[in-house]
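Given only the sequences and the hints, what does the whole structure look like? Please build it.
2 protein chains.
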Amino acid sequence: MSKPTLAVVGATGAVGTVMLDILSSRPDVWGEIRLIASPRSAGKVLRVRGEDVVVQALSPEVFDGVDVAMFDVPDEVSAEWAPIAAARGAVVVDNSGAFRMDPDVPLVVPECNAEAARNRPKGIIANPNCTTLSMMAAMGALHRQYGLRELVVASYQAVSGAGAAGPKRLYDELEAVAGDRTLGTVAGDVRKAVPDLADSPFPAPMVLNVVPWAGSLKDDGWSSEELKVRNESRKILGIPDLKVSATCVRVPVVTTHSLAVHATFAEPVTVEGARAVLDKAPTVVVLDDPAQGVFPTPADVVGTDPTYVGRIRQALDFPNTLELFICGDNLRKGAALNTAEIAELVAAELTG
Amino acid sequence: MSKPTLAVVGATGAVGTVMLDILSSRPDVWGEIRLIASPRSAGKVLRVRGEDVVVQALSPEVFDGVDVAMFDVPDEVSAEWAPIAAARGAVVVDNSGAFRMDPDVPLVVPECNAEAARNRPKGIIANPNCTTLSMMAAMGALHRQYGLRELVVASYQAVSGAGAAGPKRLYDELEAVAGDRTLGTVAGDVRKAVPDLADSPFPAPMVLNVVPWAGSLKDDGWSSEELKVRNESRKILGIPDLKVSATCVRVPVVTTHSLAVHATFAEPVTVEGARAVLDKAPTVVVLDDPAQGVFPTPADVVGTDPTYVGRIRQALDFPNTLELFICGDNLRKGAALNTAEIAELVAAELTG
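Respectively, the protein sequence lines represent chains A and B. Residues 1 to 352, numbered by full-length UniProt numbering, are exactly what the first sequence covers, in order. Residues 1 to 352, numbered by full-length UniProt numbering, are exactly what the second sequence covers, in order.
What the hints contain is simulated information worked out from the structure, not anything from laboratory work. Wrong hints could be hidden among the right ones.
[Unchecked claim] Computed list of lysine-lysine pairs in DSSO-like fashion (alpha-carbon distance at most 30 angstroms, straight line):
(1) Lys218/A / Lys122/A
(2) Lys243/A / Lys168/B
(3) Lys243/A / Lys280/A
(4) Lys280/A / Lys218/B
(5) Lys168/B / Lys192/A
(6) Lys218/A / Lys168/A
(7) Lys168/A / Lys168/B
Shown next as structure tokens:
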């Protein structure tokens with residue numbers, strides 16, 4: 001077949017915007033690219049691959065002739081529309097939570113389980129949650145070498161993980177507090193200084209603060225985000241009995257999630273060995289020379305594609321265990337880039 | 001004896017300033033209070049207990065007649081001067097790292113090991129590191145009930161943990177970035193926007209960032225801060241074989257350290273049981289109702305005395321294990337308050 005036709009559903013959102021940038025910079029495997037959004041955004045003109053493209057309203061017909069459809073829309077929109085697109089013949093790559101744990105939907109990180117993308121009985125492939133994704137390339141490489149058994153994770157999650165409203169809110173709060181050098185010293189002073197929290201996507205001030213909450217409340221006090229890290233890591237890595245505990249915390253960073261990871265393996269592991277494994281992983285960059293001030297930080301890696309790993313230490317008291325600090329751009333590898341990579345796997349399969 | 005004489009060494013520093021506030025608000029057990037600092041700060045007038053007190057320069061003679069001397073100065077200053085004060089008859093309560101692991105110096109958190117303060121062969125009692133201290137009241141209470149065996153900790157540490165220069169730097173950086181709503185989206189853009197990092201106490205931008213580094217580099221890639229969490233927790237709790245791994249990360253918060261704690265016990269533990277134990281601990285406050293948006297955040301608890309615990313969950317895959325999110329003011333319970341509490345134990349012993 002000639003170059004496949006791609007649809008980008010949710011083209012005007014936070015991830016959609018990064019997706020157009022990514023589609024414009026990667027090797028061009030696509031024929032037509034259709035941009036699709038809610039009727040409210042239809043008619044907007046967006047640039048992709050250097051060309052203006054008019055955004056079309058979501059409808060069943062808009063998928064006619066589409067080979068691959070990327071979805072970055074809320075769960076309920078994906079739940080309704082991904083099957084419609086699939087029924088019209090498109091292979092859907094969905095970045096919502098609607099299908100990730102469906103046993104008939106593969107959950108794919110190309111570095112970990114590219115082959116799973118070929119087995120898609122519903123015509124749908126799911127893209128993992130951004131927090132899980134931020135560590136999968138690195139953890140997949142270590143798992144193949146040492147056999148991953150346990151993960152204890154604490155996250156430092158960027159506000160853009162909550163959508164475009166997240167950065168807007170953080171910038172608003174930054175402007176509200178800048179210049180007052182007394183704030184952050186008395187309980188509640190930051191809460192009073194920022195705009196009304198009723199208008200925030202976050203349950204507490206984000207500026208001069210960290211907030212131990214992301215997602216929605218599930219059983220026994222767990223957040224949806226914390227359970228995603230557990231369930232999605234197990235599915236992607238193919239380790240159904242992987243032991244996982246995560247605590248997810250939002251921090252005043254615009255984009256790029258960080259994770260402090262305590263990882264226990266079946267086999268003995270050394271810092272030198274782990275570093276060699278990670279150095280060989282094509283999409284992983286090791287930044288680990290604290291004597292020279294070298295470790296990954298969100299501000300230094302945002303907007304780039306790799307997964308960055310630093311602070312690699314052998315646990316002193318836990319056998320076969322490494323401590324790591326991992327950073328990944330939650331809009332790129334954590335969302336749009338991984339979606340594009342899955343779509344490219346499908347394109348290669350369709351044209352190959 | 002009449003009310004004992006107290007010396008505050010390092011009265012003009014970040015912790016010293018909080019100490020004067022604490023001394024002014026707690027039940028007054030002290031006779032004379034002498035304020036002591038480097039010769040550079042001598043002659044300054046500071047207020048404590050509603051009275052002006054002239055700061056005296058550090059000298060051997062200034063300790064004559066002093067019963068208790070609190071030190072909050074750099075390690076090397078404590079190492080030199082605490083023995084001099086002790087030789088002049090003062091009981092030293094030292095908040096530096098100089099003596100914490102000395103087997104002849106007790107390391108005291110009154111909620112955990114008040115009795116240890118009486119056994120001080122060198123006349124010196126050490127106050128723990130602020131990161132360790134932020135969780136000790138809560139972990140001590142849980143240890144007494146369930147028998148603590150393992151701790152995996154990730155920290156979210158405030159900039160004031162680095163001294164008075166930390167908040168100044170963060171406020172400077174906040175002012176430098178406020179109003180630019182593009183920052184934090186391209187690698188290095190924040191680094192370019194903030195004042196010269198050569199003038200910062202931190203190795204990377206703190207605003208719109210998190211930095212996985214605190215303290216100095218020790219063996220095998222560990223930071224001094226991470227090793228303190230391990231060694232000091234073992235000594236305070238009296239568990240020499242406690243398994244500990246910590247990753248210490250600085251976040252853009254002025255004051256109040258937070259810790260994501262994965263704690264494994266000898267005995268089975270439930271959320272309800274742990275909550276009951278923590279509710280009974282006098283200096284611990286449980287803030288844990290995520291359905292109502294209730295969990296501790298630094299901005300909501302800074303400037304207060306308790307240790308706050310929230311997000312209490314039973315680990316799904318690890319037996320006898322709890323996940324917790326703990327906040328504590330690093331200048332109060334994490335430093336000045338605990339020092340004052342130790343000094344009061346000594347005052348009660350001397351006058352009792």
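Status of each hint after checking the structure:
1. Lys218/A / Lys122/A: holds, 27 angstroms
2. Lys243/A / Lys168/B: violated, 42 angstroms
3. Lys243/A / Lys280/A: Cα-Cα ~26 angstroms, so holds.
4. Lys280/A / Lys218/B: At roughly 27 angstroms apart (the allowed maximum being 30 angstroms), Lys218/B and Lys280/A satisfy the hint.
5. Lys168/B / Lys192/A: holds, 21 angstroms
6. Lys218/A / Lys168/A: Measuring from Cα to Cα gives roughly 27 angstroms; hence the hint holds.
7. Lys168/A / Lys168/B: holds, 25 angstroms
In the structure shown, a violation is registered for the earlier hint numbered 2 alone.
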